[in-house]
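Asks: Sequence:
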Amino acid sequence: MRARVFRQLGQCSRRLAIQLEGKPLSGSLACAYSSTCAQESFSAVQQSSRFGPLAVPLSTRQGISPFHASAGAQEDARVVVPSMGDSITEGTVVGIEKQPGDPVKEDDVLLQIETDKVTIEVRYTESGEGTLKDMLVKEDDTVSVGQEVAVVAKGEISQQKPSKEEKPEPKQEAAPAPKKEEKPAPAAPKQPEKPAQQGSKSQPPPQQPPKPSPLKEGQEAPAGTPQRPERRVKMTRLRARVAERLKGAQNTYAMLTTFNEVDMTNLMQLRTEFKEAFIEKHGVKLGFMSAFVKAAADALHLVPAVNAVIDGDEIVYRDFTDISIAVATPKGLVVPVLRNADLLGFAGVEKAINALGKKARDGTISIDDMAGGTFTISNGGVYGSLLSTPIINPPQSAILGMHSITQRPMVIGKEILPRPVMNVALTYDHRLIDGREAVTFLRRVKDVVEDPRRLLLDC
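In terms of the UniProt record's numbering, the sequence shown has 30 at position 30, counting the first letter as 1, and numbering is strictly consecutive.
Source of the hints: derived by calculation from the structure; they are not laboratory data. Be a bit skeptical, because a hint or two may be false.
SDA-like, lysine to any residue: derived pairs with alpha carbons at most 25 Å apart [claimed, not checked]:
#1 Lys-133 / Gln-99
#2 Lys-138 / Gly-101
#3 Lys-331 / Thr-389
#4 Lys-358 / Glu-121
#5 Lys-285 / Gly-381
#6 Lys-446 / Leu-386
#7 Lys-234 / Arg-245
#8 Lys-359 / Val-242
#9 Lys-247 / Gly-332
#10 Lys-281 / Thr-258
#11 Lys-275 / Ile-367
#12 Lys-234 / Ile-367
#13 Lys-351 / Asp-362
#14 Lys-285 / Leu-270
#15 Lys-247 / Arg-431
#16 Lys-234 / Lys-105
#17 Lys-247 / Lys-275
#18 Lys-234 / Arg-431
#19 Lys-98 / Gly-146
#20 Lys-234 / Val-143
#21 Lys-247 / Gly-373
#22 Lys-98 / Asp-141
#23 Lys-446 / Asn-266
Because the structure is a prediction, the values reported are computed rather than measured.
Based on the sequences and whatever the hints tell you, model everything.
Replies: Here's what the structure looks like:
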């Protein structure tokens, strides 16, 4: 049989020499001819075997399949965590959008990473299509900027599924030889029972353990009593960061809050009178927030200390007005910034607030949208808050709190009339801002909101 195998291989070699006729043999062509010769030799061995078909391991049969060279194969694309801002170096994976084997095209979202401020989407940025080869992270993993998170195989999307590997037939193990039956050991002879003596008492039955008495009022339950139902949920990075910053502000600043009341009558009449014309021209509604933003920007010019910040043993006065607007989202509080709010008109403020609010609620807001800010406005009135003491947004020095509008009796001239009134609160860092400056600032906000014409006349 061995001689026949060698004879078969020799014939294959001669046929190969005749076909080539002196031409150079490439690597892929040599592999193909070698594979063919091996298959023919294997068939010859199978036919000549006296013991029937030979069992060859699965890996050997697969190894002699014809070789196909993939011309022009492209390298895999490595997807890494993009830059997430100057002050952010890591985040937590909160969502996996693609699984290995899924088709991928340019700009597809592969996963989402939650940072201290926003949620970042990691996208496939290569041109063309491909298939996700491997996802290197899982949910709740902490990743850093530049870390590799996925591998994408470039090229056309393969529709073929990998064939199932043939499983080798299980070997039949020989049945074990039957064991000899062991004869049971002879039982010990039973001793006769002694007759009970006359007059002797029978033994009493075993005693049962006493039942626990019911708990009396005020008595503590034993350790085995089940606890009340509760749930433990891990804090998100955003919530943990907000908690850290607010607690840090409380520990760092000498916070003090001053209050005032704002009569909203004139502003509400102005809003009602120009509501339709404002929408028709600018495409947005005229709200209360734009009036407070403009009033705060005007007051910041009047009292520069409210727009300043302490840096070591120096005071930094900012000669620009970037007002942060607190926006509540399902994932937590975010604070986008209105750049140069003092240069915007009412329509510009409303458009910017609408755009930033939508991005915050949709989770598409970026780090740049929230960077900076010299002063913050928080409107708890949309949730029905009547009065509060807001906490300063670090590293700023003050925050203005708006609240709900309620009808209250007010003395107007010699009459008592119902008026729509809003409570406003200014929390400030008393290390930098004196009480006189804080009251002056809040009073200016009150005056401008109650009579917006002051902005036109600058008085």
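Asks: Decide, hint by hint, whether the structure agrees.
Replies: Right, here's what the structure says about each hint:
Between the alpha carbons of Lys-133 and Gln-99 the distance comes to roughly 9 Å, so the proposed pair stays at or under 25 Å and holds. Taking the CA atoms of Lys-138 and Gly-101, the gap is near 16 Å; set against the 25 Å cutoff, the hint holds. For a cut-off of 25 Å, the pair hint linking Lys-331 to Thr-389 stands: about 23 Å separates their Cα positions. Our distance criterion of 25 Å between C-alpha atoms is met by Lys-358 and Glu-121, whose separation comes to about 17 Å.
This hinted pair checks out: Lys-285 and Gly-381 have alpha carbons roughly 18 Å apart, not beyond 25 Å. About 17 Å separates the Cα atoms of Lys-446 and Leu-386, which keeps this hinted pair within 25 Å; it holds. Distance restraint check for Lys-234 and Arg-245: the Cα-Cα separation of roughly 18 Å lies within the 25 Å cut-off, and the hinted pair is therefore satisfied. Restraint check for Lys-359 and Val-242: satisfied, since their Cα atoms lie roughly 19 Å apart, inside the 25 Å limit.
With a C-alpha separation of about 16 Å, the suggested pairing of Lys-247 with Gly-332 holds against the 25 Å cut-off. Under the criterion of a C-alpha separation no larger than 25 Å, the hint pairing Lys-281 with Thr-258 is inconsistent with the structure, at around 38 Å. Pair hint Lys-275 plus Ile-367 does not hold up; C-alpha atoms about 34 Å apart against a cutoff of 25 Å. At roughly 24 Å between alpha-carbon atoms, Lys-234 and Ile-367 fall within 25 Å of each other, so this suggested pair holds.
Distance restraint check for Lys-351 and Asp-362: the Cα-Cα separation of roughly 17 Å lies within the 25 Å cut-off, and the hinted pair is therefore satisfied. Distance restraint check for Lys-285 and Leu-270: the Cα-Cα separation of roughly 13 Å lies within the 25 Å cut-off, and the hinted pair is therefore satisfied. In summary, the hint linking Lys-247 to Arg-431 is supported, as the alpha carbons are separated by about 18 Å, within the 25 Å threshold. With a CA separation close to 34 Å, the supplied pair Lys-234 and Lys-105 exceeds the 25 Å bound.
The straight-line distance between the Cα atoms of Lys-247 and Lys-275 is roughly 41 Å, outside the 25 Å bound, and the hint therefore fails. For the given pair, Lys-234 sits about 36 Å from Arg-431 by alpha-carbon distance, which is inconsistent with the 25 Å threshold. For the proposed pair Lys-98 and Gly-146, the alpha carbon gap of about 20 Å is at most 25 Å, so the pair holds. Distance check on the hinted pair: Lys-234 and Val-143 sit about 17 Å apart at the alpha-carbon level, within 25 Å; holds.
For the hint pairing Lys-247 with Gly-373, the CA-to-CA distance comes to about 19 Å; that is within 25 Å, so the pair holds. In summary, the hint linking Lys-98 to Asp-141 is supported, as the alpha carbons are separated by about 16 Å, within the 25 Å threshold. About 12 Å separates the Cα atoms of Lys-446 and Asn-266, which keeps this hinted pair within 25 Å; it holds.
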